[in-house]
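This note's numbering numbers the first residue of the sequence shown as 57 and each following residue consecutively.
Treat the hints as calculated values from the structure; they're not laboratory data.
Watch out, some of these pointers could steer you wrong.
[Stated by the list, open to error] Derived lysine-lysine pairs resembling PhoX-like cross-links, with alpha carbons at most 20 Å apart:
(1) K213 <-> K196
(2) K100 <-> K85
(3) K253 <-> K196
(4) K85 <-> K182
(5) K309 <-> K321
(6) K182 <-> K142
(7) K182 <-> K100
[As the list claims (entries may be wrong)] Computed spacing ranges between beta-carbons, pair by pair:
(8) N288 <-> Q208: 43 to 53 Å
(9) D135 <-> K309: 32 to 42 Å
(10) R178 <-> K309: 47 to 57 Å
(11) A274 <-> E311: 15 to 25 Å
(12) Q208 <-> D132: 23 to 33 Å
(13) Y276 <-> K309: 19 to 29 Å
(14) A136 <-> P231: 35 to 45 Å
(15) V87 <-> D271: 22 to 32 Å
(16) E152 <-> P93: 21 to 31 Å
(17) E316 <-> L228: 18 to 28 Å
(18) M157 <-> P134: 19 to 29 Å
(19) K85 <-> P278: 32 to 42 Å
(20) R178 <-> N229: 46 to 56 Å
(21) Q102 <-> E303: 41 to 51 Å
We treat Cβ as the ideally placed atom computed from N, Cα and C, and that holds for glycine.
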Amino acid sequence: MILLCLLALMAKVVLSGLNPSPEPVLEAKLVDFLGRPIEATMQKPQRIVSLSPGNTEIIFAVGAGNRLVGVTTYCDYPDAARALPKVGGFYDPDVETIILMQPDIVFTSGQMHLRVIQSLERAGIKVVAIEPQSMADVIKAVRLVGELLHEQDNSEKIANQLEQKLRAVQALNQPDKSPHRVFIEVWDVPLLTVGAKSYISDIVTQAGGINVAADRQADYTPCDYEALYAYNPDTYLIVRNGMAGKESRVISKPEVADIEAIRRKRVFYVSDDYLGRPGPRSFIALEQIGEILHGKNGGEQ
57 MILLCLLALM AKVVLSGLNP SPEPVLEAKL VDFLGRPIEA TMQKPQRIVS LSPGNTEIIF
117 AVGAGNRLVG VTTYCDYPDA ARALPKVGGF YDPDVETIIL MQPDIVFTSG QMHLRVIQSL
177 ERAGIKVVAI EPQSMADVIK AVRLVGELLH EQDNSEKIAN QLEQKLRAVQ ALNQPDKSPH
237 RVFIEVWDVP LLTVGAKSYI SDIVTQAGGI NVAADRQADY TPCDYEALYA YNPDTYLIVR
297 NGMAGKESRV ISKPEVADIE AIRRKRVFYV SDDYLGRPGP RSFIALEQIG EILHGKNGGE
357 Q
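Can you build the whole structure from these sequences, using the hints too?
In structure tokens form, the structure reads like this:
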């Protein structure tokens with residue numbers, strides 16, 4: 057992908073000699089989350105497409121939501137995003153629809169959208185991949201989006217606020233106490249958890265816990281009851297979207313009854329709207345998990 061991008065940049069240089077009035081380009085050394093170089097233009101992008109809910113929330117947060125012309129069906133926050141034209145789902149955005157929208161810039165996910173990125177770039181559309189894998193990456197994404205959309209003042213203000221929230225939660229950590237061992241259930245049947253490379257795992261780490269499944273490298277990974285029993289977490293987090301009526305079918309199983317978290321009733325639900333979308337609201341999940349691990353729900357080990 058880097059080679060393709062460099063070839064594209066070389067082609068632009070050649071073509072610029074034939075164009076009497078090329079678009080001004082800022083002197084900026086920017087890369088997206090796939091490590092690809094990005095050109096930041098002098099002209100403010102007016103037509104923006106976002107292919108992930110987290111990106112959409114960041115774009116609105118930095119003050120550029122009024123320039124969005126297309127989002128996915130999963131982009132439902134803030135409320136204004138619901139009314140925007142849809143380009144398909146997160147996993148299957150429609151490339152032709154995006155091209156017809158004539159966007160100045162498209163914000164995608166990373167590895168999940170590689171084919172989409174290639175197709176859009178072949179059509180001459182600027183694409184920026186945003187794929188945070190940590191809370192620091194979310195802050196980095198806010199600054200990057202703000203710079204590319206000419207909303208640096210807003211994005212820097214938001215990034216500073218998020219950094220303050222991160223430091224406040226980190227300050228709750230007590231080095232003299234053993235951290236809680238946390239299992240994160242993102243789906244119950246089949247049972248799925250998150251590995252070390254997931255930004256959800258980093259949220260737990262920053263809040264002062266240990267993801268017991270950090271020995272697994274995949275973002276999302278199956279976990280059988282035998283492995284869960286061996287992990288023996290003392291805290292069990294369940295990620296759900298609109299949690300009412302979606303209780304876990306795992307915690308009532310006799311196979312897990314002796315797990316410390318189940319036995320001590322240290323089972324907590326966290327909204328997928330906060331935990332499952334790498335954006336400003338993920339810091340709400342950070343604060344909630346910090347409260348679970350250190351506050352009134354934290355208990356004594």
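Hints, verified against the model:
Note on K213 and K196: the hinted pairing holds, with a Cα-Cα distance of about 13 Å set against a maximum of 20 Å. Between the alpha carbons of K100 and K85 the distance comes to roughly 17 Å, so the proposed pair stays at or under 20 Å and holds. A distance of roughly 17 Å separates the Cα atoms of K253 and K196; the hinted pair therefore holds under the 20 Å criterion. Annotation: proposed proximity of K85 to K182 holds, straight-line Cα distance about 16 Å (limit 20 Å).
A threshold of 20 Å between alpha carbons decides the hint, and for K309 with K321 the separation of about 14 Å falls inside it, so the pair holds. Taking the CA atoms of K182 and K142, the gap is about 19 Å. The hint holds against a cut of 20 Å. Using a Cα cut-off of 20 Å, the hinted pair K182 and K100 holds, with the two alpha carbons roughly 13 Å apart. Checked against the given bound of 43 to 53 Å, the beta carbons of N288 and Q208, roughly 47 Å apart, stay inside it.
For D135 paired with K309, a C-beta distance near 38 Å keeps the hint of 32 to 42 Å intact. Hint check: R178 to K309, Cβ distance near 49 Å, so the stated range 47 to 57 Å holds. A C-beta distance of roughly 23 Å is found between A274 and E311, which places it inside the suggested range of 15 to 25 Å. Evaluation of the 23 to 33 Å hint for Q208 and D132 yields a pass: the beta carbon distance comes to about 27 Å.
At about 21 Å, the CB distance of Y276 to K309 agrees with the hint of 19 to 29 Å. Remark: the range hint 35 to 45 Å for A136 to P231 is upheld by a beta-carbon distance near 43 Å. Checked against the hint of 22 to 32 Å, the C-beta distance between V87 and D271 comes to roughly 30 Å, which is consistent with it. For the hinted restraint 21 to 31 Å between E152 and P93, the CB-CB distance of approximately 27 Å keeps it satisfied.
Remark: the range hint 18 to 28 Å for E316 to L228 is upheld by a beta-carbon distance near 22 Å. Evaluation of the 19 to 29 Å hint for M157 and P134 yields a pass: the beta carbon distance comes to about 21 Å. Distance hint check for K85 and P278: the Cβ-Cβ separation is about 40 Å, which falls inside the suggested range of 32 to 42 Å. Separated by about 47 Å at the C-beta atoms, R178 and N229 satisfy the suggested range of 46 to 56 Å.
Checked against the hint of 41 to 51 Å, the pair Q102 and E303 passes, with Cβ atoms roughly 46 Å apart.
In this structure, none of the earlier numbered hints is contradicted; all agree with it.
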